[in-house]
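Number of protein chains: 2
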Amino acid sequence: MASATDESLPNIQFGIMGCAEIAKKITRAIALAPNASIIAVASRDAEKARRFIASNALPEGTRAHGSYEALIEDEGVEAVYIPLPTKLHVLWAVAAAAKGKHVLLEKPTAVNASDLDKILAACEHNRVQFMDGTMWMHHPRTARMKEVLSDPGLIGPIQLIHSSCSFSATPEFLENNIRIRPDLDSLGALGDLGWYCIRAILWAVDYQLPSSATALPAVHSNNAGVLLACAASLHWDDGKVATFHCSFLSNTSMDISVHGASGSLQLTDFGIPYREDSASFELTTGAHFRELHIGWSKTPEEVLVATYLPQEALMVQEFARLVRLIRSSGGHPDPKWPGISRKTQLVMDAVKRSIDLGFKSVTM
Amino acid sequence: MASATDESLPNIQFGIMGCAEIAKKITRAIALAPNASIIAVASRDAEKARRFIASNALPEGTRAHGSYEALIEDEGVEAVYIPLPTKLHVLWAVAAAAKGKHVLLEKPTAVNASDLDKILAACEHNRVQFMDGTMWMHHPRTARMKEVLSDPGLIGPIQLIHSSCSFSATPEFLENNIRIRPDLDSLGALGDLGWYCIRAILWAVDYQLPSSATALPAVHSNNAGVLLACAASLHWDDGKVATFHCSFLSNTSMDISVHGASGSLQLTDFGIPYREDSASFELTTGAHFRELHIGWSKTPEEVLVATYLPQEALMVQEFARLVRLIRSSGGHPDPKWPGISRKTQLVMDAVKRSIDLGFKSVTM
Chain G
1 MASATDESLP NIQFGIMGCA EIAKKITRAI ALAPNASIIA VASRDAEKAR
51 RFIASNALPE GTRAHGSYEA LIEDEGVEAV YIPLPTKLHV LWAVAAAAKG
101 KHVLLEKPTA VNASDLDKIL AACEHNRVQF MDGTMWMHHP RTARMKEVLS
151 DPGLIGPIQL IHSSCSFSAT PEFLENNIRI RPDLDSLGAL GDLGWYCIRA
201 ILWAVDYQLP SSATALPAVH SNNAGVLLAC AASLHWDDGK VATFHCSFLS
251 NTSMDISVHG ASGSLQLTDF GIPYREDSAS FELTTGAHFR ELHIGWSKTP
301 EEVLVATYLP QEALMVQEFA RLVRLIRSSG GHPDPKWPGI SRKTQLVMDA
351 VKRSIDLGFK SVTM
Chain C
1 MASATDESLP NIQFGIMGCA EIAKKITRAI ALAPNASIIA VASRDAEKAR
51 RFIASNALPE GTRAHGSYEA LIEDEGVEAV YIPLPTKLHV LWAVAAAAKG
101 KHVLLEKPTA VNASDLDKIL AACEHNRVQF MDGTMWMHHP RTARMKEVLS
151 DPGLIGPIQL IHSSCSFSAT PEFLENNIRI RPDLDSLGAL GDLGWYCIRA
201 ILWAVDYQLP SSATALPAVH SNNAGVLLAC AASLHWDDGK VATFHCSFLS
251 NTSMDISVHG ASGSLQLTDF GIPYREDSAS FELTTGAHFR ELHIGWSKTP
301 EEVLVATYLP QEALMVQEFA RLVRLIRSSG GHPDPKWPGI SRKTQLVMDA
351 VKRSIDLGFK SVTM
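If you're matching them up, the sequences are chains G and C in order.
The working numbering numbers the first residue of the first sequence as 1 and each following residue consecutively.
The working numbering numbers the first residue of the second sequence as 1 and each following residue consecutively.
Think of the hints as simulated: they come from the structure by calculation, not from any bench.
Take these hints with a grain of salt, some might be off.
One copy or two, it doesn't matter: identical chains are merged, so the pair holds either way.
Each computed EDC-like pair below joins lysine to aspartate or glutamate, with the alpha-carbon atoms no more than 16 Å apart [stated by the list, open to error]:
(1) 336 / 117
(2) 25 / 291
(3) 48 / 21
(4) 48 / 206
(5) 87 / 183
(6) 146 / 73
(7) 298 / 282
(8) 118 / 151
(9) 99 / 74
(10) 24 / 175
(11) 24 / 291
(12) 343 / 115
(13) 336 / 282
(14) 48 / 73
(15) 360 / 302
(16) 360 / 238
(17) 25 / 124
(18) 146 / 74
(19) 99 / 151
(20) 99 / 124
(21) 298 / 276
(22) 24 / 75
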């Protein structure tokens, strides 16, 4: 029996649902992934889908659909990539799953966990794979960092995590972008950037949910009430604490630092590495102050990790690998990725609720 | 008239009040500073003072006093360095000032702002210079970073500051050290390490006090109720937020990151530089994601700053310079340093109160 990684197996056939800017990146990623291909693109306007096909150099026969409905009715499409505005996720992800399409869904996965649960239930019921589009999870640097965090001799029990994700949005973005429109993405910076912070924090603690989340009184919203910046602290019963800040009003940042009892790990480009071919992080372990405290016994070590494919192509490859496994063996979807998405969404919900409650602590 | 920096002027004559470990570092710093000398050392035991003089290679004639009282009665002593346990600061700093001695006081300056105010009032009344022992303030890297923060084209309005200061204390430290004994230093990790975080945060915002301080529910205390670790968030009315974490239970860390609207500044050894002859920080300014978000337009720049003297010697030099100015011109003490100490102490008090109030927000 052929294994799911067998190169002779046919590629997973993707349909792209919507021609958002991010869809260009995933289109390139699918082209780079060795086990995936695009066979169809949908937009609410077939002409727009055709233009997307042409400008992204997709193969001749790629089908242009003038509706999302047509895409999920396309029998050749095995998996859909959905970069639609967040509010539309539940509608189209559920519809795609109902048609037996595997779902690669852009983050944030939904406007709340209740909506996400509908998506996950549909995927489970229809035995299709679900994965969210958090690309950095698939970079080999992430796996290397997890090895470091798991080695009791290097970091030790985690005490403090801090993350910041931000960019300085243009006036045009702040006026018109879907990520700040309440009808399309009510979570704003929390959904777009806080998602990364929350995911990174959960990733660092092996997805152990915090016992409480408390938003900090440092919120910026636009006139429609959509978050442009916010911050929160997360707490675990063992005294571990995480803080994060996400903002459309600050400089470009993608920081995470993890401090344990005996070492720390830090990087400033975790979500999107500075360059595509390799990425690094700083590791300090067992450092102490020299006698008289006139210096340190050691300086941070830079750990460099090369990658043969960009992280988004590795994400597509992993998703397609799981889909192939289901296709070839008739097996169940891998529950790991839906589980991680759900926990991220639950923490995001708790932070949002804390903001809505005037920064009260929300028990999880 | 001779200027205070004139090398022909006699050195400021220091007395060291107490033979704590940190006193060795300052003894070396005074030896390195070109305008200061040690002429006396006091301990509650004259023999201990004599041993300190011998083991730190102080000059033959250095006087050993068997009481702090004797030191402040020593007419040759112009300035005292006080590394005593925090609870004793108010007693001995006030007594030294009353005898006309200038006061270089180890941090935390007092167990609360009310005690510090007594010290500052005594210094002001007796026209003696006050400065706390926060050494990193005097490193040329700090001045260079302040230039960067003040340049509107580099960082822009500050949005987020995060700081972590910690070390992993030995069991012996956690059992016996004065910094965890309620009768000697009731502030524990907040006083010893949180002091650095708070100072760094205030320094970054040009000492604008936050409007509120809120401790996070991430406190570790010993059996006597002394803080071994804590965390807090500070808030300004313009939405700026700072978070910090200080701990005796975590790896060695001295991080600060400052994120502004257009750039960021980060370093992981702000309190004690990794090495003595130079120190660096990372500056990112005007970075954005490249097209398709497959990388960044620029990576952080490392800014390296050399120093001809260790930061603690520069601190002593600056303190002695101010004392010389008073001595030569009969002028007033420089109010800058007492003012900075007081603001640091006020924020520390607010964080402590927030902890005592069960993590309620404390308005400043």
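* Hint check against the structure, violated hint numbers in rising order -> 4, 6, 8, 10, 13, 14, 15, 16, 17, 18, 19, 22
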